[in-house]
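Colleague: Listed below are the residues making up each chain.
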Amino acid sequence: MNTNELYERLNMVFCDVFDDDSIKVGAATVAADIDGWDSLMHITLIQAVEDEFSIRLAMKDVVSLKCVGDLAETVLARTSK
Amino acid sequence: MKNHKWIYAVNAVAFLIIIIYFGVLSLMLPTPTESEVERRELAAKPDFSFASYFAKEYTRSFDTFYADTFPARESFIQLSYALDSFKGVEGEVKFYQSNIQEEQKPLVTSSSLSSSSSSSESASLPASSSSSESSSQPASSETSSESASTLPPQTNAVDDNAYLNNNIFIYKGAAYQIFYGDNAAAERFANIVSSYAAELPGVNVYAQVVPQPFNFYLPEKYRKMGRNEQDYAALYQSKLTSGAKGVKVYEKLEENKDEYIYFRSDTHWTARGAYSAYLAFCESAGFAPVSLDSMERRVVPGDFYGYLYTITMDNNLIKNPDYVEYFIVPGVTKVEAFFDRGGASKLQTMPSLWAEDRRGGAAYSTFIYGDLPYMKVSTSAGTGRSVLLIKDSYGNAFAPFLASHYDTVHILDERYYPYSVYGLIEQQGIDDVIISQSSYSANSGSHQQNLVSLKKGHSGKQPPDYSLPPPEPAPAPTPAPAPEPEPEPEASSAAEESSSSAAE
Amino acid sequence: MVFSGLTFIYLFLPVNLILYYLSKNQTWRNTVLICLSLFFYAWGEPFCVLLLMFSTFLDYVNSLIIDRYRSHPLIPKLMVAVSVIVNLGILGIFKYSGLIVSSFNAVTGLAFPVPEIALPIGISFYTFQTLSYTIDIYRDEVPAQRNYFKLLLYVSMFHQLVAGPIVRYSHIANEIDHRQTNMAELSSGINRFVIGLAKKVIIANTCGQLATTYMGAPVGNLSTASAWFGLFVYSMQYYFDFSGYSDMAIGLGRMFGFHYFENFNYPFISRSVSEYWRRWHISLGSWFKDYLFYPLMMSQGLRKVGKAAKTRFGKRAGTMIPTVIALSVVWFATGMWHGASWNYVVWGLYFGLFIILEMLFLDKLLERLPRLLRHAYLIVVVMIGFGIFYFEDISGLLPFLGVLFGMGGHADPTIMLTIGSNIFFLIIAVLFCTPVMPWLRKWCIGKDAGCEAFIEMMHIPLNILLLVICTAYLVGQTYNPFMYFRF
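Chains as they are written, first to last, in the working numbering: chain A, 1 to 81; chain B, 1 to 504; chain C, 1 to 487.
Treat the hints as calculated values from the structure; they're not laboratory data.
Possibly wrong hints are sitting among the right ones.
[Stated by the list, open to error] When the alpha-carbon atoms are kept at most 27 Å apart in a straight line, the in silico BS3-like pairs for lysine-lysine are as follows:
id : chain 1 : residue 1 : chain 2 : residue 2
1  : B       : 257       : B       : 224
2  : A       : 66        : C       : 289
3  : A       : 60        : C       : 150
4  : A       : 24        : C       : 315
5  : B       : 5         : C       : 310
6  : B       : 5         : C       : 24
7  : C       : 442       : B       : 5
8  : A       : 60        : C       : 307
9  : B       : 248       : B       : 224
10 : B       : 172       : B       : 94
Since we're looking at a predicted model, the values are computed, not measured.
Please take these sequences and the hints and turn them into a complete structure.
Modeller: Printed below as a string of structure tokens:
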């Protein structure tokens, strides 16, 4: 899975979770950029990502994610295992 | 941001200088031990002990001590009150919620509490300013002993607060508190008075309840918040039985409300207010009142700033300051009293019915020396009758007028007289009993309790017969002549007596 | 000792600053801070200072073990469980044993003696700190501290020990060993401290006096207007008291080179309850989020519930149902944390309910309302929340709420007098509930960049003025004339 593909799939998850097809995420996207990304949606998002990539994220990942770049890295690290 | 370095330095240094300066000052300056303005002792520096530290007492006392003796404390207090006046706009009526804590006690350490009331008594003798008290005794000067001598008994604290509140109105240069009486309490008061009448056959029992000034002066809107005291008086009077008589004080005061009958800055009434009550009493008792003009009028020099000024520090109250006038009722031949709430085996002779040396905030205690437990006044009235006045502090201004109509006037304070009142009445062959209470006291459970427990005496003891030579106290040096301070040993033996009686 | 006490400001703080800045290296400075922090705590808690040290020691050891056996399948889990159980156990015994026994008695009709245990100062705050430390080590978010005293410094640091903010170890781990102190930091710390002090002493205490008059009055004496006024000043008292305390803590931290996160962000300007709770006591909210809400949501149980709901009721239910469950638990716990009385639980669940409703549909509804109405909605919800918070006893709350909504009550002519004689104060207090100062600062600097130096300079007289006024009020509180007149 290359980076482009990864971000494409992540983007899909975001659009789905936030119910908004206009969302375009990049590595630098943070919670404040996306309407409705609060702590409640955060968990929904994490679980949607887990489902999409068939991985399990650790609490550390859930808590310390700062931007979509972090998320992408984490996903990459988990899927390459 | 980079160029502001000197600003940061000045800022930091200014702050540090202030806190260090006051910190050092607070440690170096001699610590005052009493506050004249507040009429109380300031907290003393606690002694460190592990016991008090682990009981969390030491640090608490230290904090209190530190705040009580902070450098320039009184200036800071004045500043805080001055700042308060910028908080809003002032209308015709001002309303204060006093931030003074409910339980007022002169701050004394727990170890000295047990002896404080009796030891200070010895210092509150007329004209005494005994400065050489032993260090264990909290009262060391006139001002502090004045406060301590009026220390309410411990039992009083709680339920007064239900009716006494800290809401104070300032209107046209005078301070008013609202009275919220309740009917059940009025009935209880009437029942207690009636029980005196029933249990004392052949004695006339009168009750007088002194209303609060808000009834007469405060605009109706605010007056309506409280209890109408005319109704209140009518209610308790209608419940009196066994021949007890209610004196119509309210009506007489209302008649004279254009006169100076209440202090503007204090909670008490003036001698003129008390004179109105005296007129009402004369009507009840069928006496011909002595006119006020026939008595010599004297005025305590200087202004009188009463309690309500002390707690509000409202400027309106000092624009037209109070003064204390008193009227020399003729015919007083001898005044005797005792000072110790634990009781005394002998009476001391007093130079007069008025403590003419009282000044400033203590000026109201000019009347019969304030709240002494017991005073006996002999007169040349020649009526062959004697009266007992059971009173709270309102009665102080009223008591002297009785001298015109009775050969002997016994005055006792319902809070502090330790002996059996029924015993006293029997021993002295008293004809009339007047129970005089401010409406606050009449309505208060603790004062009602006092009136009940007085019958047999707070200490349960019979009054000593003062006509007999006093029994010698064990290590007795000869008692000093009247207006001198009482000698130490007597005070301490009295202290033991009072603490033992308190234990009962 | 409290920050807003004369003993602290004029004895403890100067001694602390002098000793600290006389010490040359970090080790000595840390020693000064630990010693004085323990002294600070022991001033109020002669015994429980040992409890604090024990609590810290336990988490210190546990974390080292977790770190050492990180790859072991069982040991880290076991140690974190021990830590959670012991920490919450201690908190439970000290804080909730009275409530538990009395509630048990009430339900069963039995009469076990209700233990009367004094709550150690700050235990709710530092327990959460030590807990978060061990959990963070377990989650491998930060390396474990090898030096017990450095961990003790984190837990016992007097700035945040008593009333927060709940600082995370990971936020200051670096600053324990490497921190900078300079004039700019010291000066800004002082500014912050003085502002916090003024919020507490000038605004909160004055509001407190008014609140006592109207909230503490027998309900029969209140009118609807005076009940609302009482609630209003009580809310402000609580906000200025708590946020002032946080300001002082943040300021003190900065004086000694520590940077704590903000704990309040003008909560009363929020437009929804969820926003309010992102602005109010932020460190507590984020604690519950990280250590309770996320773990609950990620737990096997709730995941299963979510899956089941999804297949049965659809996608939205699949996310909403687990969230509602988790939120209910979180807000029950948040309420519980605030005090050992059921009204706090009611208070927590009350806010939880609004957050759930907002999540489900209320947010969408509110968005259509004009801004002013959304503010009004938030303020009313929050104020009633403060009413629930104030009355520990339901028998006090219900009549009060009754008067609040026009049932019963009594004409109270004093209310207009009180508002009149405090009108300037009230206006200023309300103004400071909004970010008026940051706006003003931004506006000035926008007009003229040179303004910044001027603003910095103005802090000097402002600090002196506020310090003198605060001292006057603190000394004024001790003014306690003897009530000789009590008839």
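Colleague: Out of the numbered hints, which ones does the structure contradict?
Modeller: Of the numbered hints given earlier, the structure breaks just one, which is hint 5.
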